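Enquirer: Sequence:
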Amino acid sequence: MRTRLILLIFVMAALVVGLAASAGARPLHAAKAMSTSRSPLSSTAALSAMRTAIGAAPQFFAGRTTACTRVTPMLTSENGRILAGNFVDTSGGCYVWLNLHQSGTLTGSEICKTTLHELGHLNGLQHSPDPNDVMYSPFRPTPMPPPCA
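My numbering puts the sequence shown at residues 21 to 169.
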């Protein structure tokens, strides 16, 4: 049953990405991965960490607005160095995706931080030169923003 659920999640993610691409949606941002050697989280745990960031984003980015009618976390697996990204579909649905091919070594807190970073882009923020800012790129595991700690 669990294998079928994971397969269904991947199929749905591929469909959403394909539909978004055919509908003219384009990725707004894609983060590059870091390399470490840790055990991967389950897909359920990764999605849970992403939902934590999605729930915390309105307060974390207080005063900023987004055109997102909803935010959906997605898992995908793509070759290359892209860790995560986001896109908006033509009806205002926003998606934050995590590349399992590159994120297998991240902790739940680091996935939360990565998702929060992507949500910052959906709120109109660009990369920051400050390594203590969640919008700093490339990804750094520290400092950890309060919603993800």
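Errors might be hidden in some of the hints.
Cβ pair distances, simulated, as ranges [what the hints assert, rightly or not]:
(1) Gln146 - Pro78: 12 to 22 Å
(2) Gly128 - Ser97: 36 to 46 Å
(3) Ser111 - Pro161: 12 to 22 Å
(4) Gln79 - Asn99: 16 to 26 Å
(5) Thr85 - Ser59: 34 to 44 Å
In short, the hints are calculated from the structure, not lab data. Since this is a predicted model, take the numbers as computed values, not measurements. No residue lacks a Cβ here, since even glycine has one placed at the ideal position from N, Cα and C.
Enquirer: All hints, please: hold or fail.
Expert: Hint check:
Between Gln146 and Pro78 the C-beta distance comes to about 20 Å, which sits within the given range of 12 to 22 Å. For Gly128 and Ser97, the hinted distance range of 36 to 46 Å is not satisfied, since their beta carbons lie about 19 Å from each other. Range check, Ser111 to Pro161: Cβ separation about 35 Å, and the 12 to 22 Å hint is violated. Roughly 36 Å separates the CB atoms of Gln79 and Asn99, a value that falls outside the hinted 16 to 26 Å.
In this structure the supplied range 34 to 44 Å holds for Thr85 paired with Ser59, their Cβ-Cβ distance being about 38 Å.
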